[in-house]
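Protein chains: 2
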Amino acid sequence: MEHSDFILTGDICFCETQRALKTLEGGFLVCLNGKSAGAFPRLPDEYASLPRIDYRGKLIIPGLTDLHTHAPQYGFRALGMDLELLEWLENRTFPEEARYRNLEYARRAYTLLVEDLKKGPNTRFCFFATVHTPATLLLMDLLEESGLVSFTGKVNMDRNCPESLRENDAAASLAATGEWLERCGAYRNTRPILTPRFIPSCTDELFRGLAEIQKEQKLPLQSHLSENKKEIAWVRELCPESKNYGDAYARRDLFGGDVPTIMAHCVWPGDDEIEALAQRGVFAAHCPQSNMNLSSGIAPVRRLLEAGVPLGLGSDVAGGAHASIFRAMTDAIQVSKLRRALVNEHEKALTLEEAFYLATAGGGAFFGQAGGNFFGPAGSFEPGFDFDAVVVNDAGIAGPEQPPLRDRLERIVYLSDERHITAKYVRGNRVA
Amino acid sequence: MEHSDFILTGDICFCETQRALKTLEGGFLVCLNGKSAGAFPRLPDEYASLPRIDYRGKLIIPGLTDLHTHAPQYGFRALGMDLELLEWLENRTFPEEARYRNLEYARRAYTLLVEDLKKGPNTRFCFFATVHTPATLLLMDLLEESGLVSFTGKVNMDRNCPESLRENDAAASLAATGEWLERCGAYRNTRPILTPRFIPSCTDELFRGLAEIQKEQKLPLQSHLSENKKEIAWVRELCPESKNYGDAYARRDLFGGDVPTIMAHCVWPGDDEIEALAQRGVFAAHCPQSNMNLSSGIAPVRRLLEAGVPLGLGSDVAGGAHASIFRAMTDAIQVSKLRRALVNEHEKALTLEEAFYLATAGGGAFFGQAGGNFFGPAGSFEPGFDFDAVVVNDAGIAGPEQPPLRDRLERIVYLSDERHITAKYVRGNRVA
Chain A
1 MEHSDFILTG
11 DICFCETQRA
21 LKTLEGGFLV
31 CLNGKSAGAF
41 PRLPDEYASL
51 PRIDYRGKLI
61 IPGLTDLHTH
71 APQYGFRALG
81 MDLELLEWLE
91 NRTFPEEARY
101 RNLEYARRAY
111 TLLVEDLKKG
121 PNTRFCFFAT
131 VHTPATLLLM
141 DLLEESGLVS
151 FTGKVNMDRN
161 CPESLRENDA
171 AASLAATGEW
181 LERCGAYRNT
191 RPILTPRFIP
201 SCTDELFRGL
211 AEIQKEQKLP
221 LQSHLSENKK
231 EIAWVRELCP
241 ESKNYGDAYA
251 RRDLFGGDVP
261 TIMAHCVWPG
271 DDEIEALAQR
281 GVFAAHCPQS
291 NMNLSSGIAP
301 VRRLLEAGVP
311 LGLGSDVAGG
321 AHASIFRAMT
331 DAIQVSKLRR
341 ALVNEHEKAL
351 TLEEAFYLAT
361 AGGGAFFGQA
371 GGNFFGPAGS
381 FEPGFDFDAV
391 VVNDAGIAGP
401 EQPPLRDRLE
411 RIVYLSDERH
421 ITAKYVRGNR
431 VA
Chain B
433 MEHSDFILTG
443 DICFCETQRA
453 LKTLEGGFLV
463 CLNGKSAGAF
473 PRLPDEYASL
483 PRIDYRGKLI
493 IPGLTDLHTH
503 APQYGFRALG
513 MDLELLEWLE
523 NRTFPEEARY
533 RNLEYARRAY
543 TLLVEDLKKG
553 PNTRFCFFAT
563 VHTPATLLLM
573 DLLEESGLVS
583 FTGKVNMDRN
593 CPESLRENDA
603 AASLAATGEW
613 LERCGAYRNT
623 RPILTPRFIP
633 SCTDELFRGL
643 AEIQKEQKLP
653 LQSHLSENKK
663 EIAWVRELCP
673 ESKNYGDAYA
683 RRDLFGGDVP
693 TIMAHCVWPG
703 DDEIEALAQR
713 GVFAAHCPQS
723 NMNLSSGIAP
733 VRRLLEAGVP
743 LGLGSDVAGG
753 AHASIFRAMT
763 DAIQVSKLRR
773 ALVNEHEKAL
783 TLEEAFYLAT
793 AGGGAFFGQA
803 GGNFFGPAGS
813 FEPGFDFDAV
823 VVNDAGIAGP
833 EQPPLRDRLE
843 RIVYLSDERH
853 ITAKYVRGNR
863 VA
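Here the protein sequences line up with chains A and B, keeping their order. Using this note's numbering, you'd call the opening residue of the first sequence number 1 and step up by one each time. Using this note's numbering, you'd call the opening residue of the second sequence number 433 and step up by one each time.
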């Protein structure tokens, strides 16, 4: 860890603890030992001697968190988008993931992924890898070196997938998981997360073993929940004793409570399920583009927010074609408007400020909850947050006049890409 | 007109007359006198002596048509996106458009617009300008010089808009329109189109005068139709004698038939209105992103297609934040999936091939219909089409392996931007 203490000056935007958007034109952002010491309109005397990096005229925002994405799917993003979830898994995803048995292929694909992600606005990620321990460790090596922060999970699957990808049985899957976890000790930027793919892909025996590992090692967990109507019907068939999809995880002791947990999608949760997510503090990863591309639907984000479900945004590459969480923000806003127009006129659309909160402190909170001694909360410049900052030069997004800072934020969210990113800091270290 | 005869070689994709996607890896595209002479897997002997431009390994597709966009709104795209249509017009659009009374402001803003559009994948446009004749002519000067092809319309508005933007009365609006049309004679790349903003913004007297001008000068026409529920209710109040919004135009003799016509949006058309669009050959400009951003809804594109309504795609900047019709293609596909998932499971989603057709030959057909001696049909490489071609280098859109050409097309549609455009030809002239 080589971060030092320094100051960034520029046009600062972030969400405060109470979710309000704070804008500071020509402000000062103080980083001490990898943590934010705050954002200030005038520099407090105590920091006067620190080195300053001048980003005047540029926006400085917290790094964005991608709360749900699949690393091995990056190579075929934006392909096969005319298929629905279950056909898409069968025809595109599983055959591609099977190739990660080959370490040379994995190295080529994961190198492209990590190089691209360094250039974008995201600083934190929750990755699904594949079932393969060597390829998962290779991905973690590359991520560790990049400086990006992530939870990365070797996937567990011992049923309902092609032979080429299926782990032989629960014992084999658990043994591979144990071996993988033993080899994660040295990583500082990338930490392991248990990753049973979803209810249909794991036997009860496998879930029991994962729950034991979870308890012993106090690991966080990620999986998928209530994404697609056919998938939900399938889970109902597989788990007739469960009240709903979430309850199927709960009965396996893997649904929040003491276990820091992310459930991706939550497109079709019932009232019971929403209540359980809130009560057990399970994070929902809202993946609006994937939910469009795979014809899943529109998650009831307003209801999740009002119920108090912890919420962040996910790209869900390759269900989503775009890795940037800026894109997930605008997708989330846009589909929330369609939900209001077509499903329930009483569900207010997401505002820019709300989407910005979800993309930053919303998803970043998971890192505080699950990070242990490794990560603090991310996504704000309030004192104590991990110092993840993205500097965006909006001069290239031409308009005849300069609008106020809040509007410049809106504009970069809709229009910027990695060309506009001048610098990126993660936990006080410059990574791009 | 300085185009010459030449050949492009590369990986060619286009839609044939029957809408099927044609892909030719390592093919030959022949341009004679600004028109396509066809795409060939092997070069016919008769063209052997023509100069060749080598784009091997790159995709060559027809230029895209933006069938509905507002030139003066480009400067505030991606701003104020949290408003609905009528509030957005009042608070953002009308105040901004009023500024185009100032020619210096207009020059600054329109120069940025045209410079940006030269770099993108669109080659043809149907522009709304503002009510101001001098600024509209200035825009047409800049467009003429750019080589891009367009229909551009001075807007008519003599009621229901702020004083700062309203034309004094019908007579003043018609006189300004006459003056504008007299000064359009010399343009070769940009032709005039009558542009009453929409039913609420024009008095009956103004519509009568425009219908007379239309008949005398045989001009095409563009306007807005059935975009938003509040707007439709307003039109119902204003035109109690009309069966529906489309009928209000029809009763004013400005709804297709002999008049080449584009109606933007068509989000909430009734069965009668769809039938009238088809029977009168009115083009519907589908603007999916704008319809999301302004909370309008999702146009029933499958029903429009099945009814035989001529259809193209529009960016509707600044209702839409993105000018590229690649983005309109993926937006159209994505919202069609949501429409199926949430509104009517029997309306099949748009495929990539269908969206590509709409973006190319679909919208391009309007130029054939309305272009008179100036423009031919665009959007295909079948013989006789105007030669608009975009060369896309997809090497920068990294994947670990090269997929088949059809899939490379899908990938550039979702992921490319102007960085990937190597060259752009419009009517045989290179413009970028």
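Please keep in mind that the hints were generated in silico from the structure rather than gathered at the bench. Heads up, the beta-carbon is just placed ideally off N, CA and C, and yes, glycines get one too. Some clues are possibly wrong.
[Said to hold, decoys possible] Sample of chain B residues at the chain A side, in silico, Cβ under 8 Å:
{"hint": "1", "residue": "772"}
{"hint": "2", "residue": "828"}
{"hint": "3", "residue": "832"}
[As the list claims (entries may be wrong)] Calculated lysine-lysine pairs in the BS3-like style (CA-CA distance at most 30 Å, straight line):
{"hint": "4", "chain 1": "B", "residue 1": "780", "chain 2": "A", "residue 2": "229"}
{"hint": "5", "chain 1": "A", "residue 1": "58", "chain 2": "B", "residue 2": "490"}
{"hint": "6", "chain 1": "A", "residue 1": "348", "chain 2": "B", "residue 2": "662"}
{"hint": "7", "chain 1": "A", "residue 1": "230", "chain 2": "B", "residue 2": "780"}
{"hint": "8", "chain 1": "A", "residue 1": "119", "chain 2": "B", "residue 2": "550"}
{"hint": "9", "chain 1": "B", "residue 1": "490", "chain 2": "A", "residue 2": "348"}
{"hint": "10", "chain 1": "B", "residue 1": "551", "chain 2": "B", "residue 2": "467"}
{"hint": "11", "chain 1": "B", "residue 1": "490", "chain 2": "B", "residue 2": "551"}
{"hint": "12", "chain 1": "A", "residue 1": "118", "chain 2": "B", "residue 2": "551"}
Hint-by-hint comparison with the structure:
1. For residue 772(B), the suggested interface contact is upheld, since its CB lies about 6 Å from the closest CB of chain A, less than 8 Å.
2. With 8 Å as the threshold, the beta carbon of residue 828(B) stays out of range of chain A, its nearest partner Cβ sitting at about 10 Å, so the hint is violated.
3. With a least beta-carbon distance of about 4 Å to chain A, the hint placing residue 832(B) at the interface is held under the 8 Å criterion.
4. Between residue 780(B) and residue 229(A), the direct Cα distance comes to roughly 17 Å. Compliance with the 30 Å bound is thereby established for this hinted pair.
5. Annotation: proposed proximity of residue 58(A) to residue 490(B) is violated, straight-line Cα distance about 35 Å (limit 30 Å).
6. Of the pairs offered as hints, the one joining residue 348(A) and residue 662(B) holds, with about 17 Å between alpha carbons and a cut-off of 30 Å not exceeded.
7. Among the hinted pairs, residue 230(A) with residue 780(B) is consistent with the structure: their alpha-carbon atoms are about 17 Å apart, no more than 30 Å.
8. Taking the CA atoms of residue 119(A) and residue 550(B), the gap is near 26 Å; set against the 30 Å cutoff, the hint holds.
9. About 45 Å separates the Cα atoms of residue 490(B) and residue 348(A), which puts this hinted pair outside 30 Å; it is violated.
10. For the proposed pair residue 551(B) and residue 467(B), the alpha carbon gap of about 22 Å is at most 30 Å, so the pair holds.
11. Distance hint between residue 490(B) and residue 551(B) is fulfilled; the C-alpha atoms sit about 17 Å from each other, no more than 30 Å.
12. Between residue 118(A) and residue 551(B) the alpha-carbon distance is near 26 Å, which keeps this suggested pair within the 30 Å criterion.
Consistency note: the structure conflicts with the earlier hints numbered 2, 5, 9.
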